[in-house]
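> Generate coordinates for the entire structure from the input sequences, incorporating the hints supplied.
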Amino acid sequence: MNEGLGNGALAGIGVVVIGDEILSGRRQDRHLAAVTERLADRGLVVDWAQFLPDREITIIDLLRRSRADGATVFCFGGIGATPDDLTRACAAKAFGRPLVRHPEAAALIESQFGEGAHPKRILMADLPEGAELVPNPFNRVPGFALERHFFLPGFPEMAHAMLDNILAGPLAGLGDAGYVERSLWLIDTPESELVDLMEAFCAAHPALRLFSLPVLSTERRLLELGFKGERAEVERAMTALVAALHEREITVHSQRPA
1 MNEGLGNGAL
11 AGIGVVVIGD
21 EILSGRRQDR
31 HLAAVTERLA
41 DRGLVVDWAQ
51 FLPDREITII
61 DLLRRSRADG
71 ATVFCFGGIG
81 ATPDDLTRAC
91 AAKAFGRPLV
101 RHPEAAALIE
111 SQFGEGAHPK
121 RILMADLPEG
131 AELVPNPFNR
141 VPGFALERHF
151 FLPGFPEMAH
161 AMLDNILAGP
171 LAGLGDAGYV
181 ERSLWLIDTP
191 ESELVDLMEA
201 FCAAHPALRL
211 FSLPVLSTER
221 RLLELGFKGE
231 RAEVERAMTA
241 LVAALHEREI
251 TVHSQRPA
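The letter at position 213 of the sequence shown is residue 213 when you use my numbering, and the numbering goes up by one with no holes.
Check each hint, because a few of them may be wrong.
[Said to hold, decoys possible] Pairs of lysine to aspartate or glutamate residues, derived as EDC-like cross-links and limited to a Cα-Cα distance of at most 20 Å, are as follows:
{"no.": "1", "residue 1": "Lys-93", "residue 2": "Glu-147"}
{"no.": "2", "residue 1": "Lys-93", "residue 2": "Glu-110"}
{"no.": "3", "residue 1": "Lys-228", "residue 2": "Glu-191"}
{"no.": "4", "residue 1": "Lys-228", "residue 2": "Asp-54"}
{"no.": "5", "residue 1": "Lys-93", "residue 2": "Glu-129"}
{"no.": "6", "residue 1": "Lys-120", "residue 2": "Glu-110"}
{"no.": "7", "residue 1": "Lys-93", "residue 2": "Asp-54"}
{"no.": "8", "residue 1": "Lys-93", "residue 2": "Glu-56"}
{"no.": "9", "residue 1": "Lys-120", "residue 2": "Asp-85"}
{"no.": "10", "residue 1": "Lys-120", "residue 2": "Glu-104"}
{"no.": "11", "residue 1": "Lys-228", "residue 2": "Glu-181"}
{"no.": "12", "residue 1": "Lys-120", "residue 2": "Asp-84"}
[To be verified] Beta-carbon label-pair distances, calculated as ranges:
{"no.": "13", "residue 1": "Gly-25", "residue 2": "Pro-206", "range": "14 to 22 Å"}
{"no.": "14", "residue 1": "Gly-25", "residue 2": "Met-198", "range": "31 to 39 Å"}
{"no.": "15", "residue 1": "Gly-43", "residue 2": "Pro-98", "range": "35 to 43 Å"}
{"no.": "16", "residue 1": "Leu-210", "residue 2": "Gly-116", "range": "31 to 39 Å"}
{"no.": "17", "residue 1": "Gly-116", "residue 2": "Ser-212", "range": "50 to 58 Å"}
{"no.": "18", "residue 1": "Ala-207", "residue 2": "Glu-110", "range": "21 to 29 Å"}
{"no.": "19", "residue 1": "Gly-96", "residue 2": "His-253", "range": "49 to 57 Å"}
Quick caveat, the hints were computed from the structure, so don't treat them as lab data. Glycine included, every Cβ here is placed at the ideal spot set by N, Cα and C.
Here it is as structure tokens:
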């Protein structure tokens with residue numbers, strides 16, 4: 001049985017959340033939304049996301065492929081010291097490096113926990129050789145980074161502050177102000193009546209990503225329709241879309257109707 005994840009491309013910006021507790025529903029993921037929100041401020045989006053079990057072969061497979069594809073990856077979970085924390089060892093295997101005791105990480109852990117750092121907490125200082133540390137302002141137990149892959153704890157209280165530091169430090173230049181997302185709102189206009197129009201716009205603007213998002217939980221049916229992509233092309237497409245809808249005598253709203 002193939003326990004890998006297939007051969008799809010994993011380029012761009014990715015989010016990986018590791019832990020059986022997420023897949024079983026015992027815990028709810030908060031990391032994807034946190035990354036998405038922070039990237040939106042830079043005009044960026046998450047290109048892909050994976051939720052993985054605590055299974056060595058699956059984690060190694062994904063990390064090998066994301067490394068080969070040159071992705072920027074934010075990986076959450078599995079860097080602790082318990083037997084189900086596999087991420088440190090899996091990252092070492094995926095990147096072809098030995099797992100070694102990082103002296104600075106060890107010093108931070110010993111400083112934080114004193115004698116309680118040994119014999120188990122200190123294992124969190126065993127990192128892939130050459131890894132750079134990601135500071136943890138919550139309790140000083142660091143995460144680590146390898147080739148634009150950033151490995152953070154599963155606890156949002158720790159991980160999201162560390163994520164902010166990454167985006168302000170090593171990835172401060174990450175961002176493309178040319179990427180935008182624009183949309184408009186329609187009332188009581190079924191998607192089915194606009195499929196031909198959507199197909200025409202997809203053909204006319206192949207570099208853009210069209211989205212059509214119905215809202216069915218209101219007294220009136222709402223539809224958010226728009227494009228994602230390079231700013232100038234999105235603006236051209238939106239101008240043409242408004243004109244096309246007006247030709248069909250469909251009222252366009254720039255904000256979600258109350």
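> Give a verdict on every hint.
To see whether the hints hold, each was checked on the structure:
1. Lys-93 - Glu-147: OK: Lys-93 and Glu-147 at ~14 Å, within 20 Å.
2. Lys-93 - Glu-110: Cα-Cα ~26 Å, so violated.
3. Lys-228 - Glu-191: 18 Å, holds
4. Lys-228 - Asp-54: 34 Å, violated
5. Lys-93 - Glu-129: Since the Cα atoms of Lys-93 and Glu-129 sit roughly 11 Å apart, the hinted pair holds (cutoff 20 Å).
6. Lys-120 - Glu-110: 11 Å, holds
7. Lys-93 - Asp-54: 15 Å, holds
8. Lys-93 - Glu-56: 10 Å, holds
9. Lys-120 - Asp-85: It holds: about 12 Å lies between the C-alpha atoms, which stays within 20 Å.
10. Lys-120 - Glu-104: 17 Å, holds
11. Lys-228 - Glu-181: 4 Å, holds
12. Lys-120 - Asp-84: 13 Å, holds
13. Gly-25 - Pro-206: 14 to 22 Å: Violated, at about 39 Å.
14. Gly-25 - Met-198: 31 to 39 Å: 35 Å, holds
15. Gly-43 - Pro-98: 35 to 43 Å: Roughly 39 Å apart at Cβ, these two residues keep to the hinted range, so it holds.
16. Leu-210 - Gly-116: 31 to 39 Å: Roughly 55 Å apart at Cβ, these two residues miss the hinted range, so it is violated.
17. Gly-116 - Ser-212: 50 to 58 Å: 55 Å, holds
18. Ala-207 - Glu-110: 21 to 29 Å: 53 Å, violated
19. Gly-96 - His-253: 49 to 57 Å: 54 Å, holds
Violation of the numbered hints given earlier is confined to hints 2, 4, 13, 16, 18; the remaining hints are satisfied by the structure.
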